[in-house]
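*Asks:* Chain by chain, the residues run as shown.
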Amino acid sequence: MSRRVSASQLALACWLLASSCASELPRRSPPLAGMDEPLERIAPPDDEAARQALPKGSFTGASVGDARQSLDAMLGEPEGVVVQAVVENSPADAAGIEVGDLILEVLREPPIALHWPSEWRRLELETEPGAKLRLVIDRAGAEREVELVPVARVRSAEHEAGQRVREEERVGIVLRTATEVEARAAALGPGGGAVVVGLTRESPWREAGVAFGDLIRAVDGVEVAHPAVVVDAILSGPEDGELELEIVREQALVTLRAPLSRREQQVTEISLPPLFSYEKERDASTTSFLLGFVKYESTPAAWRLRLVWLFAFAGGDADRLEIVER
Amino acid sequence: MIALLAALQAPAREFSRIQTLALDAGFEAHGASLADLDGDGAPEVLLALHERGKDFSRSIEVWKSGAGGALSRAERIPLTPDVVAFAHADLRAGGGEELVLFNAGGAFLWLRGENARPERILECDFLWQTADPESAFEWSEGLRDLDGDGFTDLVVPEPGGFAVALQRRSGVQGAPWGVVSRARVPEDASDEPIWESAALRRGGMEHRESNGSFSIGLSTREAVAGSDAADLLRVSEHVPAPFWLDWDADGDLDLVLQTPHALHVWTLTPAGTLSSAPQLSLSLPVVEDTARELDASYSAHVVDLDADGRADCVIFAGDKRSEDVRTQGLFFTQAAVREAAPLFGKDGRPSSLLVFAGFISGPTFKDLDGDGFPELTLRAVRPDLIDQIRSASTESIDSDLYVYRNRGGVLSRQPDVVRSHAIPLEAFQLRAEFFGDVTGDGLSELFVRDDPEHVRVLMLRAQGPKEKSTWSLLEKPLWELEVGEKARVQIPPPRKGSKPSLFILEAGHVLWVRFG
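These protein sequence lines are chains P and W, in that order. Quick note on my numbering: the first sequence kicks off at 1 and runs consecutively. Quick note on my numbering: the second sequence kicks off at 1 and runs consecutively.
For the record, the hints were derived by calculation from the structure and aren't laboratory data. Bear in mind that the values here come from a model prediction, so they are computed numbers and not experimental data. Take the hints with a grain of salt, since some may be wrong.
[Claimed, not checked] Below 35 Å or equal to it, Euclidean Cα-Cα: the simulated DSBU-like pairs (lysine-lysine) are: (1) 499(W) with 280(P); (2) 54(W) with 56(P); (3) 496(W) with 64(W).
[As the list claims (entries may be wrong)] Beta-carbon label-pair distances, calculated as ranges: (4) 42(W) with 30(P): 45 to 55 Å; (5) 476(W) with 310(P): 47 to 57 Å; (6) 499(W) with 281(P): 25 to 35 Å; (7) 276(W) with 161(P): 28 to 38 Å.
[As the list claims (entries may be wrong)] Selected chain W positions facing chain P (in silico; Cβ < 7 Å): (8) 74; (9) 76; (10) 80; (11) 82; (12) 93; (13) 115; (14) 118; (15) 402.
C-beta: ideal position from N, C-alpha, C; glycine also.
Next comes chain P alone, as it looks inside the complex (with noise of 0.2 Å):
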């Protein structure tokens, strides 16, 4: 027995095979777009014949790294500087520091508290061989008080590897940290300090000034000890906020307040079954007529044109350039 579908039936029918295909919206927005990273800027500088010819400031033996041991501790600033390495007979195995012990804070008028390695290696290069350190190091949960004398260094300190960050949610930019020419020039530690190496487009930060290049020295008047100081205050900072970015450009220190950027809204699907339909997702829209009838579909790329769902017209960009008149 044969029964007829009704329009009612037909529509809910559409209505109810739109909502299955309905897609999942996305939990969090998508990363900026544009993203501009000049590919001189891509390595840092070799400026090792430079280094080697900085004042060398003097010698610990410790060795130090980030503290963050857990991922609970990787969620704020860390505390502290943990001691990877001693060298036998160095002023740090005399004063007692072992492997694995936490130096938290350097007692002197005002005590300094440690959070990054690049604040221990502006020590050791600040601090006159003979003067006297005196410590806090925490070692298995108790705190102890060490007093070590650093003799003067005769070699420079081992090259660190550089390491890239990036931010793409809210100002969209990557940092590498700076090389030690760099970051003594801004009178930071080595492993201290942040260039800006990649930008997006539309990064609020490139209307505020800032530009590729630049070493961002401190924000809010905190140093850049470490290139993620800057993208931990871009993420914690209020919407609609600013931030204060020292920056370091050709030798001179210029100041700078960049706005923390809100994203723009905009409309990605629209449906009406079975009359309208149009769908954008990042660079491609599709736009639709009566089921399907005329279908308009474009990207940065190309477009189609879909007529009674068989008759096509399809173009975009061609595999050759351009003649470009001079």
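Chain P is already provided as a structure; the job is to place chain W on it using the hints.
*Replies:* Just chain W now, with coordinates in the frame of chain P:
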């Protein structure tokens, strides 16, 4: 004719492709899995590694297919010493899967590459409170869509129960894991005895996920030479393994836990919450009592046997009234219960029964033919097993693999497939499991490792018209490989639209075997 010409011209597809992932010197792999982290549709290989001789020097390597399908190391993610486990799933609904790391205090999303940093997604007391210095294990069972809204939810075992966090579409920006419930296991689950193991006798830590439960044992011993050193501290935490399936046919997954005396049910509310205490506690008709601890065949399973959207229960237990060694399979279906308490009915009578000669082990319910009804696969050993071991008359024991087909919710009375294995008596475990359709005929193939140095894939074949077809296993292997005696084999969960694959973890390298 065109089709014939096309078929002739089409290049012959390899049946299997083996790719070697060579590890850096000094590293060993403890686990391997597949995850599409970059959202390009092709999965990357994740390897859980440890640097030999260095405690807590653990990492996850991401290997990506490049041009021509060659695999290369794309990233190595060092794990901080507190990381106990990891998992991967598409948590953010789009853009690929994300990596989730668990420590004693909760679950964290790990942003990769130049964005590398953790983001806390759930604060809870993870059951395994201490990390293994040599490995971080995969806990992807903890990530699943419980309410069917398309977003992955989170289930974390805690001491005494489970933390369940649901993502909702209406979640506030930055806090999508707003609906957090804590299901507390009733007290009769805490009867689990403290186990003995070499690791615990030495003083150390061990976590287990077996016998239907998750456990952690931790012991600290006096540093005294000899075996008489006393425990300074011994801790054992235990929660039963959760079964997540639809209890009430409302389309979402509910939590079912089996404790020694009861089956407890928590139903998920439309708001996405679970109550602290179970809504329903059903006394088990066959309890796991002290006498049952010696019953090698005892196990209980919650599964939807008849695909009616409601959970059923199957209990396997030794038949104590029989003089012969035999095991009963008691099947309780919700559809069969008309009155009184659901599932077990008024008097706890099963709706059907299967009897097996001897002991059984490893019963699993898996749909082998894609009809939506799970088949029963189990291994049985002869009734005279104990005499056989005692007399040491042989160097191996015989074990039979049985497959019972499920036709429309009813299991065959007799096994449809039987395969015998002789298992060496020395410390080796037979591994035989159906792992997916390799040949494309709709039937799952059997992976077998019945001797330590060979792995094989056997074809499950159907003969005759569909309704009355019979199944058999082809003895000639479809595929076979010689492996090291200590090699470990991992079968990653099936991925939508792709054929099954295997990982073989050996010293210095990992083999990824892809079929079809």
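*Asks:* So, for every hint listed, does it hold in this structure?
*Replies:* Status of each hint after checking the structure:
1. 499(W) with 280(P): holds, 33 Å
2. 54(W) with 56(P): holds, 33 Å
3. 496(W) with 64(W): The hint holds at about 19 Å.
4. 42(W) with 30(P): 45 to 55 Å: violated, 20 Å
5. 476(W) with 310(P): 47 to 57 Å: With a Cβ separation near 51 Å, residue 476(W) and residue 310(P) satisfy 47 to 57 Å, so the hint holds.
6. 499(W) with 281(P): 25 to 35 Å: Given range 25 to 35 Å: holds, Cβ gap about 29 Å.
7. 276(W) with 161(P): 28 to 38 Å: violated, 51 Å
8. 74: violated, 15 Å
9. 76: Violated, because the Cβ-Cβ distance from residue 76(W) to chain P comes to roughly 14 Å (cut-off 7 Å).
10. 80: Hint holds; residue 80(W) Cβ to chain P Cβ min 5 Å, cut 7 Å.
11. 82: holds, 4 Å
12. 93: holds, 4 Å
13. 115: holds, 5 Å
14. 118: With Cβ-Cβ at 5 Å, under 7 Å, it holds.
15. 402: Violated. Min distance 39 Å.
Hints 4, 7, 8, 9, 15 from the list above are not met by this structure, while the remaining hints are.
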